[in-house]
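Chemist: Once you have looked at the hints, place chain B on chain A.
Chains as they are written, first to last, in the numbering used here: chain A, 49 to 830; chain B, 102 to 263.
Accuracy of the hints is not assured; some may be wrong.
As the list claims (entries may be wrong) - Which residues of chain B face chain A? A few of them, derived with a C-beta cut under 7 Å, are:
1) Y119
2) I121
3) A122
Claimed, not checked - In silico DSS-like cross-links for lysine-lysine, where the CA-CA straight-line distance does not exceed 27 Å:
4) A/K700 x B/K225
5) A/K57 x B/K250
6) A/K123 x A/K394
7) B/K250 x A/K700
8) A/K201 x A/K333
9) A/K57 x B/K189
Quick caveat, the hints were computed from the structure, so don't treat them as lab data. The C-beta atom is built at its ideal place from N, Cα and C for all residues, glycine as well.
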Amino acid sequence: MDDLSYVGKSVPRKDGPTKVSGSAEYTVDVSLPGMLCGKVLRSPHPHARIVSIDTSGAERLRGVKAVVTAKDSLKIKHGFVQTSRYPADQYPIAVDRVRHVGEEIAGVAATDESTADEALSLIKVEYELLPAVFDPEEAMKPDAPEIHPSHPKVPEPFRNIGGKTQTSWGDVEKAFEQCHLVREDRFVTHLRTHAYMEPQAIVASYDHSGKLNVWLSSMGTFLKRAKLANTLGLPYGNVRVLKTYVGGAFGGKIDLFNHEYIASLLSMKCHLPVRIVYSREEVFKGARHAQPLIVELKTGVTRDGTILAHQVRTINDSGAYRGSGVVVIFLAWGFLMAPYKIPNLKYEGYSVYTNNLVRCPQRGHGAPAMRFAVESQFDMIAEQLNMDPLEIRLKNARRPGDILPNEDFVKNFGLVQSLDGVARRTNFVEKYRKAQGERKNGSKIKRGVGIGTCSYFGGSLIYPNGSSVIVKLNDDGGVSLVTGAVDMGQGAETVLSQIVAEEMSVPVEDIQVYAADTETTTVDIGSWISGLTWVTGNAAKKAAENAMKKLLQVAAEELDAHPSELEAKNKEIFVKHAPDRKISYKDVIAASIQKKRGDSIIGEGHFRTMKDEPTHPSLATTHGRWTENYSSYAQVAEVEVDTETGMMKVLKVTTAHDCGFPFNPMLVEGQIDGQVSMGQGHVLYEEVLADKGAVINPSFLEYRIPCALDMVETDYVDVITEEYKKGEHFDTKEVGEGYVAGTIAAVANALYNATGVRLNQTPFYPHRIIEALERMEKEKKA
Amino acid sequence: MEKKSKRLISLFVNDQEYEIATYPNRTLLEVLREDLSMKGAKEACDDGVCGACTVLMDGTPVRSCLLLAVEAQGRKITTIEGLSRGEKLHPIQQAFLDYGAVQCGYCTPGMVLTAKALLDLKAKPTDEEILTAISGNFCRCTGYNKILKAISSVDADGQGGH
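Chain A extracted, bound-state conformation (with noise of 0.2 Å):
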């Protein structure tokens, strides 16, 4: 890997100058001549049906251009999932039932901010108020108000059931009676959300030619596109959604949402640009927050502490409309089933509907709270069987080439080197020990250490399913990179630029990235799989290998020579035994283009996760493959609790990460570290809190994330399992979403060790800590 000169290399950012300099253009900073302010009407109940709505005062204030309702609207459904067992279940714009507060009625788009709030003030609806239910297991009660039909699939008598994923394989009943050990838990945990920095924005602009011009702070522009095509019944070729940098995502920027769909009808009725941004208050009261679940775990295990089976129920609160709820489900048992081998498991997962705000994905997609579930429980079973929490995870972990029992194969798995390397890097056994000895020593100040571990699939087939990259040599040699890749601040341009510039031997800074336009550059499977760059990145591999065959090809032709003589350097071509016969790629193209009639040397290059494979899994039985590349990581938390006060203190969470090769070891570091960042807040204090459906704590003030004084030390082992070869197919993995999951469990265990405190609810504030104290000392007493 020596001579490698890019991949690998902490590059710095290609898009860093723009970002430092503040002139890099977010949705938020789109301007536009006419531009009107777009401001939605939500609904104030949680569930009612809509009697009637009266726009015409609305309609009647100087300076309103455009009113929408659904009567304006085509009243086609969408879903983040449409399937023929889950079809779209959400209109764009509410039509006669409203079922969740905060869900979109009216628009209107006025010449200024203050005057589309009086617009809307005057608009009239009025609501027959119906009952509501908000939490998902009292939702699921056959006497609980009815907000969807139960899936018709679904046999128990169960009420408002979006969907549910159900898989087994072994035989659970006999393998529990085999076990030394039998545990049943339950863990719940909370409503948490991204906290992107940029809120919610979108400027659309439709055009007297019938087009459609979208800005929008999206994590991937061609599935914006579709779903917006779609429910405003309008050919994908007259949707454009063009690029701007987006200020953060983390899993809330994906799917369509009703204020992109209302913003565009604006346009479309008055032909002017609409541009909508939320408030903060309104991200929090309006868009879409994180999946919460509950999960109910029986483990069983020999005397050795070899998991002989789980059985395992998860409930999903997927509020008032399907959201992802029921990927939710199906990916918490695939975060289950990746890291530890589990030879008998019996799994079923319910998403309920509720009359809470809609979910939808969030860094982690599950894995958080299956991980905090699973993880803690494995440090109960080890402290029962007198075992250390390494041991037990070492036991069970897969190994290299272990077939998942979907028949994905796991290749280079590096969970053992992880555990191997964290607890290595971190004297994690004798800290454990040590906090051990010292939880009853009288201190106050307790310290204690926890593992947590998890593995990620990346870039599995979900729309659009593949990328597709385009690399175009200029007359001087140059190369512009065309790829629909949205970089949201992981780094995308920047690992694509590595490739291409690794292959084609032309610097990085000399590398121009097109991106995210879905007019202009070419379709992209987005940046919310955890594939990018190991799907785009091989695309963009073979457009680089394909436009290098041709300048091979025509400098052979100038140097009198064979291709397979011939070597790239920093955009020159030489013959290999005789270097001083060498052309300048300018020459080669300018040759190309007077000898092959014009050709100026364009590579395209395709990838897309396994070749043989339909379509992706199924949500309802799990069968079918899901991808071919599985990171893992094995995480420890260091912690401080004062058992005074019951505050916790995370100050150091080391990393043992494989993540397959790492293209960029700066921004492999800054996602681990942004994750170790999030898992801690929420881990310890972030929860949005609703009553009766609405948002409480609709602010920075009281939705408090992480600041600068709240930072965890960061420590990283690299467990490098894959290689990057010029001219081969690489595979990587993911390093963006699951160590979330894998801090949270760390210091869930973590807490443990330091004070004897389980807690099977998330988050851990402190008077939960007390409280558990407290217990405890009763349960002394007693």
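Modeler: Below, chain B without anything else, positioned relative to chain A:
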């Protein structure tokens, strides 16, 4: 809604004077972004909590979303657009690139300006002083680790370096 009449105000931004007719209830952030097209300062929380709208007023970081434009008259305002000199990035900006302190970049302008104010006051701050200074600038991407490294790498003489 009743509209107040506009007032002519004079702002001194990045060493240049601007005369602007504006309503007195508009914030400095609105005037910078909408009237002067300086869009580096961002709105992200509306509460003065997150620091994305940070600019310097007489060298001190202020929340431009909480400050009325009329209040900034007669003061020296520095925005991110005024930090680099021609082609050359300011050493703090360069350090942010070199150390991977930028991801989505939305908080970066405010963060860099807060760092500048700190380093102008104290050439070699401790880690604790840096973290305290930037504790009012939220970043969701980086966990602050690389931002800390970037700021502490900037040389005492302001030349930047590793």
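Chemist: A closest beta-carbon separation below 7 Å is what the hint needs, so does B/A122 meet it against chain A?
Modeler: Where the cut-off is 7 Å and the nearest Cβ of chain A is about 16 Å from B/A122, the hint is violated.
Chemist: Run the distance test for A/K57 versus B/K250: straight-line Cα separation, threshold 27 Å.
Modeler: Holds - the C-alpha atoms of B/K250 and A/K57 are around 19 Å apart, at most 27 Å.
Chemist: Min Cβ distance, B/Y119 to chain A: is it shorter than 7 Å?
Modeler: Violated, because the Cβ-Cβ distance from B/Y119 to chain A comes to roughly 17 Å (cut-off 7 Å).
Chemist: Is it true that the CA of A/K123 sits at most 27 Å from the CA of A/K394?
Modeler: Status violated; Cα separation ~40 Å.
Chemist: Should the hint that B/I121 touches chain A count as held when the rule is a Cβ pair under 7 Å?
Modeler: Hint violated; B/I121 Cβ to chain A Cβ min 17 Å, cut 7 Å.
Chemist: What's the verdict on A/K201 and A/K333, does the C-alpha distance respect the 27 Å limit or exceed it?
Modeler: 33 Å, violated
Chemist: Given the hint that A/K57 pairs with B/K189, test it: the Cα-Cα distance must not exceed 27 Å.
Modeler: 24 Å, holds
Chemist: Just to be careful, I want the Cα atoms of B/K250 and A/K700 compared with a cutoff of 27 Å; is the pair within it?
Modeler: 16 Å, holds
Chemist: Holds or violated: A/K700 with B/K225, Cα cutoff 27 Å?
Modeler: 25 Å, holds
Hint compliance for this structure: hints 1, 2, 3, 6 and 8 are not met, and every other hint is.
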